[in-house]
Amino acid sequence: RGLGATRAGVLETTFEEETETDLFGEQVVLCGGAMELVQAGFETLVEAGYQPEIAYFECLHELKLIVDLMFEGGIANMRDAISNTAEYGDLTRGPFIIDDSVRDRMRDALMQIQTGQFAREWNLENQAGLPVMNRLRAIQRKKQIEQVGNELRSMMTYVKKK
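In our numbering, the protein residues as written are 29 to 190.
Just so you know, the hints here were simulated from the structure itself, not pulled from any lab data. Cβ coordinates follow ideal geometry from the N, Cα and C atoms, glycine included. Don't take each hint at face value.
[Stated by the list, open to error] Pairs of lysine-lysine, BS3-like flavour, derived with a Cα cap of 25 Å:
1. Lys92 x Lys171
2. Lys170 x Lys189
3. Lys189 x Lys171
4. Lys92 x Lys170
5. Lys189 x Lys92
6. Lys188 x Lys170
7. Lys188 x Lys171
8. Lys188 x Lys92
[Stated by the list, open to error] FRET-style restraints, in silico, Cβ to Cβ:
9. Thr34 x Glu75: 47 to 53 Å
10. Val57 x Tyr78: 24 to 30 Å
11. Asp127 x Ala156: 33 to 39 Å
12. Val95 x Val38: 21 to 27 Å
13. Met139 x Arg169: 28 to 34 Å
14. Leu39 x Ile110: 28 to 34 Å
15. Arg131 x Met161: 23 to 29 Å
16. Thr34 x Asn112: 40 to 46 Å
Assemble the whole structure, with the sequences as input and the hints as a guide.
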């Protein structure tokens, strides 16, 4: 408290809860889930004949606007800020895409974290020198969305690389 570190508030938790929810959030929602959703949306539009640049803007670039609205005031705030058309699509098509089968796989991913299966897999991957991770990284970096994104961001003077 003397350093002011708790000024914004503190949530009491356990090491286990923080670790498991952090891993789940990263793997299933924030990184793994969001990135796969963006990639699948981009690929679906491109496969349907839409310009890759337009697909990139719709599926990746505009995501920041939505996330910022949720960050600032929650999901309801985001829904209040978007058009009625966008909100209707959100409320009717979102559950069609993220259905009970997705929730079942989310529970499976959580179970792999809770039982230590993910930790064992990650430890073995590290001990082996990250062969799976390096292979998957290389595949992802070659995806069309990355090439299109690099090209578009090079034209966006307002996007600063950190």
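We went through each hint and held it up to the structure:
no.	hint	in the structure
1	Lys92 x Lys171	holds (21 Å)
2	Lys170 x Lys189	holds (20 Å)
3	Lys189 x Lys171	holds (20 Å)
4	Lys92 x Lys170	holds (23 Å)
5	Lys189 x Lys92	holds (15 Å)
6	Lys188 x Lys170	holds (22 Å)
7	Lys188 x Lys171	holds (22 Å)
8	Lys188 x Lys92	holds (14 Å)
9	Thr34 x Glu75: 47 to 53 Å	holds (50 Å)
10	Val57 x Tyr78: 24 to 30 Å	holds (26 Å)
11	Asp127 x Ala156: 33 to 39 Å	holds (36 Å)
12	Val95 x Val38: 21 to 27 Å	holds (24 Å)
13	Met139 x Arg169: 28 to 34 Å	holds (30 Å)
14	Leu39 x Ile110: 28 to 34 Å	holds (29 Å)
15	Arg131 x Met161: 23 to 29 Å	holds (27 Å)
16	Thr34 x Asn112: 40 to 46 Å	holds (41 Å)
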